[in-house]
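Colleague: Spelled out from the first residue to the last, the chains are:
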Amino acid sequence: MVDLLQHILNGITSGCVLALVALGVTLVFGISRFASVAHGDYVTLGAYFALVANRAGWNLVLSGLVGVMACVFFGYIFFIFVFRPLDRRPKIASVIGSIGVALVVRHAILFIWGTEQHSYQVAIERGIRFMGLMITKNEIIIVITAFILMAFIHLILKKTRIGKEMRALADDQDLARVTAINPLQVITLMWILALSLAGVAGLLLGLKSIITPYMGWDILLSAFAAAILGGIGNPYGAMAGAITIGVSEEVSTMFFPPTYRLAVAFLIMILTLLFRPSGIFGQKVEVK
Amino acid sequence: MFFVLLLMALLLVSQDNKTLAADEIRIGALTPLTGAGSPYGPGMQKSIAFAVDEINRAGGINGKKIQLFTEDGQTDPEAAVRAAKKLIEVNKATAIIGTWSSGVTMAVAPLAINANVVLMNTSGAPELTTLNDKNLVFRTEASNVLYGVAFSKIALKRGYKTACTMAFNNPSGRGNTEEFAKRFKEAGGKVLESVVYNPNQPTYKAELSKVLAPKPDVIVMGSYLPDTTIILKEWYQTGQPMKWIGPAWAINDKLIEALGANVAEGAVGVVTVPDTNLPAFKTFEMKYKELTGQDFLTNTYSGMVYDHTICLALAMVAAKSEDPTVFNPRIQTISGPPGVKVYSFEEGLNELKKGNDIDYDGVSSKIDFDAAGDVVPHFGVFEVRNGKRERIDTIVIGE
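Taken in order, these protein sequences are the chains called A and B. Residue numbers are given in the numbering used here: position 163 of the first sequence equals residue 163, and the series is strictly consecutive. Residue numbers are given in the numbering used here: position 227 of the second sequence equals residue 515, and the series is strictly consecutive.
These are calculated hints, taken from the structure and not from any lab test. Incorrect hints may have been included.
[Stated by the list, open to error] Quick list of in silico lysine-lysine cross-link-like pairs, DSS-like style, CA-CA up to 27 angstroms:
id, chain 1, residue 1, chain 2, residue 2
1, B, Lys422, B, Lys380
2, B, Lys503, A, Lys137
3, A, Lys137, B, Lys422
4, B, Lys542, B, Lys353
5, B, Lys608, B, Lys642
6, B, Lys575, B, Lys353
7, B, Lys445, B, Lys422
8, B, Lys575, B, Lys503
9, A, Lys137, B, Lys531
10, A, Lys137, B, Lys498
11, B, Lys353, B, Lys445
12, B, Lys352, B, Lys642
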């Protein structure tokens with residue numbers, strides 16, 4: 001029983017990092033209607049810029065901000081020069097474009113920082129124990145940060161005018177356009193949010209494990225799965241989907257060899273989609 | 289496309305003039321000058337060139353000089369295959385020396401075997417032992433299976449009774465731990481749990497909890513640096529005391545740097561090392577320092593490729609032929625017993641001229657190639673003590 005709870009707890013902490021990535025993927029899909037393959041590499045980019053700041057002696061919060069700013073800056077440049085010109089083309093053009101952006105970002109990172117692994121300058125501490133369960137200080141930070149960000153996104157979407165416009169644009173692009181919504185403004189905000197989340201995810205992922213040029217790419221498949229599981233385009237679905245995948249991956253290792261953990265998580269995704277083809281929270285989405 | 293063809297045609301013409309005119313023996317050096325093998329490749333290349341120089345200065349092979357062609361394998365199977373093709377087809381090399389990672393060696397091997405070219409490498413994949421290679425593929429790094437044997441010897445020597453294993457899901461990782469488990473059990477030890485894990489995960493907590501739960505005396509790893517870093521970090525967080533044994537390409541200075549001296553303390557890394565008692569060791573050590581400014585022991589592969597080149601040349605002399613399909617069995621006979629012990633190309637050449645059998649002992653190991661083209665080098669045991677790796681023991685397999 002304690003084992004099961006511990007696995008669930010571990011699953012929630014990995015799910016929280018995954019949720020931030022999946023949330024970014026789903027926001028981009030919701031408004032711009034394409035799955036951005038570059039999102040994983042934006043995560044890596046954030047982690048490396050935070051590393052530079054951390055090496056310069058800045059604390060983790062400031063380092064994270066540097067990572068977020070770098071993500072927003074470079075990501076927005078790619079939006080202006082790649083995704084915006086491709087917007088009027090069939091959506092496959094944007095997907096292919098994002099593959100190109102992913103490769104450019106990854107290889108720029110490889111070129112500048114090399115293939116070696118890195119870590120933030122944080123001492124490794126023993127975990128905190130309560131009632132037979134164990135959690136580390138970093139994991140508590142990860143969970144709290146992730147939940148604060150998710151709540152923040154929720155408030156923007158529900159309570160602000162631009163958030164409502166964003167949801168309107170996600171629901172029906174044509175209708176939104178005729179009701180005086182400025183799509184560029186909304187899309188810009190969407191990118192800023194998605195890229196900021198990627199930056200934070202990079203910091204948290206680097207904190208939890210190690211920083212490598214492939215860290216974001218490696219997590220991208222799970223993030224896509226989480227977004228689809230929750231109903232792609234739906235922010236709450238992405239969060240729920242990510243935590244479901246995180247928990248099922250960890251819990252599955254109690255019953256199957258660990259090499260099958262990803263397979264089990266995907267099996268759960270397939271089963272869910274069989275019964276709810278548009279995901280847990282999904283509405284029908286039309287891709288043009 | 290047209291320009292590429294044109295360029296290749298020009299290249300072919302120019303190379304043909306250069307290579308086919310002279311009466312020379314053509315050998316290709318294919319070492320990782322870039323990529324993950326880049327700390328080793330440049331030193332390896334210099335060592336091959338140095339050996340070629342020694343051979344040519346001693347009068348060459350059967351009256352012919354060696355011409356060396358060098359290529360960068362980039363630690364990338366795809367790039368290495370392109371380079372190997374060039375060495376075989378354009379430069380007409382009779383042998384390729386110096387492929388380092390198993391992935392590269394496994395990719396280049398079929399090309400070499402098809403073209404009847406000798407491939408001498410420093411890779412550990414167990415498959416290289418069983419490969420149907422027409423006796424053309426030789427290696428001087430220990431097979432990963434031998435690493436398992438060494439792990440077991442170390443664990444027994446330290447008095448461990450129970451063990452768990454964790455293996456990276458590839459032939460090398462599983463080869464390490466499966467052979468360890470077999471040997472450890474044969475010697476009366478108990479293996480309580482064996483976990484195989486996937487690469488590139490951000491966390492290994494679930495896998496770790498499986499091997500920590502039965503509270504073994506030691507956990508033996510068949511792993512690489514990134515996964516080992518995450519696993520040891522997550523282990524330390526649990527606070528459970530544990531001993532670790534793994535290959536030194538995972539438990540090394542980079543690991544200590546990433547984890548801190550506290551966490552890495554006591555971890556044991558194992559790697560093949562040159563036998564420092566070999567007569568030729570000291571000379572090569574000094575020469576290597578002169579060539580690269582580095583310590584030979586930081587790049588033991590350099591000694592291995594030096595030995596490759598000398599063995600190749602002696603086999604050609606012994607067979608009085610430069611045709612790989614003729615001289616290849618001689619690689620075994622000149623490197624292993626019986627025969628007069630020789631420690632350099634010149635000594636070997638003189639003994640062969642007298643009509644004696646020879647047994648070449650190299651700078652990296654005794655180099656007794658078996659029928660599969662494998663050798664049994666010594667293993668150095670390094671333990672992390674106060675944040676530094678210290679050589680604490682040497683394991684000699686078969687003793």
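Colleague: Which hints, by number, does the structure contradict?
Modeller: 3, 4, 7, 8, 11
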